[in-house]
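Undergrad: Residue strings, one per chain:
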Amino acid sequence: MVQLNPQFGRENEASPALIIKVIGVGGAGSNILDRTMLDGIQEVELTAANTDVQSLTASVANHKIQLGRNLTRGLGSGGDPELGLAAAKEASEDIQSALSGGNIIFVCAGLGGGTGSGAAPFVTKLAKETNALVLVLVTMPFSFEGRRRCEQATTSLQLIRQWADAVVCFENDRMAEITLPRMGIHEAFAAADLTISQSIRAIADLLRKPGLLSLGFDEVCAVLREGNARALFGFGEAEGENRAHDALAKALRNPLMHRGEMLANSANVIVRICGAANVSLGEVSMLMEELNRHINDGTQLMLGIGIDPSMGQKISVSILGSLGDASERPQPVTQTRRVQVPTPVEPVIEAESQVAKSVPEPESPAALQEEPEPVLTIPPRAPQNEAKPVKADPPAKPESKNAEPKQEVLQFESVSRGRFEKSEPTIIDGQDLDVPTFLRRHIKGK
Amino acid sequence: MARDNIFAGLEIGTTKICVVVAEARHDGTLKVLGVGNAPSRGVRKGEIVDFETAKRCVHDAIVDAEERSDVEISEIYLGVTGGHIRSFNNRGVVLLEEGREEIDEQDLEDVRTNAREVSLPMEDCVLHTIIQHYYVDGQDGVLNPLGLLGRKLEADFHIVYGIRTRIQNAIRCVKELELETADVVINSFATAQAVLDKHHKQLGALVIDIGGGTTDYVVYVEGAVKQSGVIAVGGDHITNDMSIGLKIPTARAEKLKLDEGDVTLGVAFPGETIMLRDETGFAGREIEREMLNQIINVRIREIFDIVSRQIQSDLNFLGAGVFVTGGSSQLRGIDHLASEIFGTSARMTPPLPLAGVTSAFEHPQFSTALGLVKYAHLVHLDRPAGKSFFGRTIKRLSGMFRS
Ligand SMILES: Nc1nc2c(ncn2[C@@H]2O[C@H](COP(=O)(O)OP(=O)(O)OP(=O)(O)O)[C@@H](O)[C@H]2O)c(=O)[nH]1
Ligand SMILES: Nc1ncnc2c1ncn2[C@@H]1O[C@H](COP(=O)(O)OP(=O)(O)OP(=O)(O)O)[C@@H](O)[C@H]1O
Ligand SMILES: [Mg+2]
Ligand SMILES: [Mg+2]
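Taken in order, these protein sequences are the chains called Y and H. 263 is the number that this note's numbering gives to position 263 of the first sequence; each next residue is one higher, with no gaps. 1359 is the number that this note's numbering gives to position 359 of the second sequence; each next residue is one higher, with no gaps.
Okay, chain Y solo, but in the shape it has when bound (with noise of 0.2 Å):
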């Protein structure tokens, strides 16, 4: 049941001189602030960390710190986490500078590789030790990247866990789901650097940008420090007619939403519309009736509304939550739902959002079909991710002089797409067909 609690004059307390910092850790990291930055995003210091000099030398970030100068003097750190540590600390007082100061940090990587999976816990602790509010973004690695890169992945994430106040786990895969069945490998990244830093900004924004009603400082960190470090995230952005119902459908289609689906477990979800001074009540209302069909009875909900300009006809909604534990379903109405909205509207009777849940999900393949049920089915096609880890089968006895330590990165990097760099990859049964069959089969040359 929605409570109308109409409270003004909270945009005071957010914080004008709110200081956001942003750290980009490995090649992955850098992208991503790359991303952000060419998005333009204002008063954020951006910071790009990585072993190897050239990914750096190409950043546009305004800050760039080499890690292991000594140590992995200018390359990369080979897909070796521990080297990536190691030249992480080497230079922590670099890191402590750029980070000193801020009152929130993000911290963002793609977790796999050396660099990102090795200094990006190292890099969240220091980030902790400043007392700064500190959210991680991360990315895991696609499976077929192979089993060593994705276990690198899950160590690394338990580590940043321990010292970040909020995690948001981007899962390659899954995101691919969505991207990747039209798009090269490329362009994935590509999109899920552009989800990421759309986070960032809505984030960012949430915070500290004016609006009839501005969700504090607190309110936010209250919403991310709560259960277990699993955030949740959605944008979308729309004009037009529908424009309110468009941009929820598509903050929902989020990847990471699960179509609205992982709302349902979030103990608290915040969301902030934002638009031109053109943004009505109607829609506000209607949007939050929407959004009250995918959220429990049990979730605390908050509400900001931002005005900017520069939005012209267009309006964004940003839907933020905190995961508990999969394993602890929420409790239900332990509390009641807060929602301010800022003038009386009429109330949403309670029966009526009892009818709007059983209405099938618009992202429904049924509600799309128009034609009555038809006799024969195509699935859509697989996702191209189902690939098994390349290396599936066994190496056939290592020799001994052959056996490089580093094989399984060589399969992603060294085995680049190269000719096929601009082409869908071809997966069929789990294999990576652009990566030669001799080495998918362990046939070694003398």
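Treat the hints with care, since some could be wrong.
To be verified - Think about it this way: if two alpha-carbon atoms lie no more than 30 Å apart in a straight line, the pair counts; the simulated DSS-like pairs of lysine-lysine are:
#1 H:Lys1255 with Y:Lys422
#2 H:Lys1031 with H:Lys1016
#3 Y:Lys422 with H:Lys1016
#4 H:Lys1055 with Y:Lys422
#5 H:Lys1175 with H:Lys1016
#6 H:Lys1031 with H:Lys1201
#7 H:Lys1152 with H:Lys1201
#8 H:Lys1055 with H:Lys1016
#9 H:Lys1175 with Y:Lys422
#10 Y:Lys89 with Y:Lys125
#11 Y:Lys314 with Y:Lys250
#12 Y:Lys128 with Y:Lys89
#13 H:Lys1247 with Y:Lys422
#14 H:Lys1255 with H:Lys1055
#15 Y:Lys64 with Y:Lys89
Claimed, not checked - Pair by pair, the computed Cβ-Cβ distance ranges are:
#16 H:Ser1345 with Y:Arg441: 23 to 33 Å
#17 H:Pro1121 with Y:Gly74: 42 to 52 Å
#18 Y:Glu187 with H:Arg1347: 40 to 50 Å
#19 H:His1363 with Y:Asn62: 51 to 61 Å
It is worth saying that the hints were derived from the structure and are not from the lab. Every value quoted in this text rests on a predicted model; they were computed, and no experiment measured them. Ideal Cβ positions, reconstructed from N, Cα and C, are used throughout, including at glycine.
Chain Y is fixed; fit chain H with the ligands onto it per the hints.
TA: Just chain H with the ligands now, kept in the frame of chain Y:
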């Protein structure tokens, strides 16, 4: 090209673009008037990835064909391929209403429509609905049910579909060159027309076209298309494998493949090597013959294994055997390897002889493009004069892509 007895076919291949112009003669035979050919750029795995570049190459091939055939091309049969193309078999059913017993054209159209009424993912569109067999009141072996008496008409179809926007890329390319697309044909069907005769189709045959970027296959059993598919792997992969495995640049790997490519294992004498020469003819590195063959062998074997798995259920019905074509079929020993894997006779095959084809185009690379005009010719012969139902079906199918 106002005369309706002239056909043009276009294959936008990964390595070359080929346009064939042919004329249907009064005695029912087909004569090729000219073939245009141009190297292809901006195409990967059989699909356009760089539109403007690919368009220029298609333009070159068209101009070449027009000059050689002295025909101004206005309409073209467009071959398409790509890893997104899928297929399945489905049966359609129609019941004749009370009081009517004779099967008419409308019933044939209805049974086809009924078979096509499947729910495809929204992004997909149907490319072909090919008749396999008709059944009248449960009786099979009906070649043409038109005019037969019955209560129930059933028909099996082979249905091919693909992602609409990806098919449209090729159509758009043709359109921007001010040409009409007469019909969209998947490459494997076209290729089969070039390398199989009626007899082979009846006996059962598997056609595999290994090109530069894709491997396209089709199975005929009892004269009908039984299965088809595309695997987005081709000669480019072999070159890439060699370049990585032998640590040589791509261009050199490509040349080595053309000169020495062989899938045969265990025939090199121990330690046999090939001397790699650079452009100036200087001797460079030595490459081990057995390793070279090994790299190519495992790749081709893998392609054949995938095809074999995908057509498993029809492996025992390939009375005429396996026909391997496309540029990459010229790897030495490929027929033996195919025969070993498919457990039946196999051969590397160029297109069947066709009047007017000069020796330069009697190679397996040109099976698809030559097959396209043969396909067009077949459609033409099948269509009684005037606007038959079949003609309308074709128009409607291709109309879907034109808008
Ligand atoms: N979002 C995104 N993810 C990427 C990108 N490139 C790679 N990744 C993912 O991030 C993981 C880590 O890759 P990198 O960031 O390149 O590796 P690194 O941390 O620099 O580590 P080393 O190069 O081994 O020192 C990979 O396993 C991929 O899953 C990118 O451009 N964007
Ligand atoms: N003698 C040869 N031995 C081995 N491979 C060859 C030989 N001649 C050509 N090829 C290979 O054949 C391929 C080109 O074949 P083809 O012309 O049938 O392909 P395409 O039609 O351009 O491509 P696709 O149909 O896959 O889009 C190239 O990879 C080329 O290296
Ligand atoms: Mg790196
Ligand atoms: Mg071809």
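Undergrad: Run every hint past the structure and note whether it holds.
TA: Verification of the supplied hints:
1. H:Lys1255 with Y:Lys422: Roughly 23 Å between the alpha carbons, so the hint for H:Lys1255 and Y:Lys422 holds.
2. H:Lys1031 with H:Lys1016: Distance ~23 Å between H:Lys1031 and H:Lys1016 Cα, so the pair holds.
3. Y:Lys422 with H:Lys1016: Judged against 30 Å, a Cα distance of about 18 Å means the pair holds.
4. H:Lys1055 with Y:Lys422: Status holds; Cα separation ~17 Å.
5. H:Lys1175 with H:Lys1016: 19 Å, holds
6. H:Lys1031 with H:Lys1201: 22 Å, holds
7. H:Lys1152 with H:Lys1201: 28 Å, holds
8. H:Lys1055 with H:Lys1016: 13 Å, holds
9. H:Lys1175 with Y:Lys422: 24 Å, holds
10. Y:Lys89 with Y:Lys125: 11 Å, holds
11. Y:Lys314 with Y:Lys250: 13 Å, holds
12. Y:Lys128 with Y:Lys89: Roughly 16 Å between the alpha carbons, so the hint for Y:Lys128 and Y:Lys89 holds.
13. H:Lys1247 with Y:Lys422: 22 Å, holds
14. H:Lys1255 with H:Lys1055: 27 Å, holds
15. Y:Lys64 with Y:Lys89: 16 Å, holds
16. H:Ser1345 with Y:Arg441: 23 to 33 Å: The hinted range 23 to 33 Å holds for H:Ser1345 and Y:Arg441, with Cβ atoms some 28 Å apart.
17. H:Pro1121 with Y:Gly74: 42 to 52 Å: Check passed, 47 Å falls within 42 to 52 Å.
18. Y:Glu187 with H:Arg1347: 40 to 50 Å: 41 Å, holds
19. H:His1363 with Y:Asn62: 51 to 61 Å: Since the Cβ atoms of H:His1363 and Y:Asn62 sit about 59 Å apart, the hinted range of 51 to 61 Å holds.
Hint violations for this structure: none, all hints satisfied.
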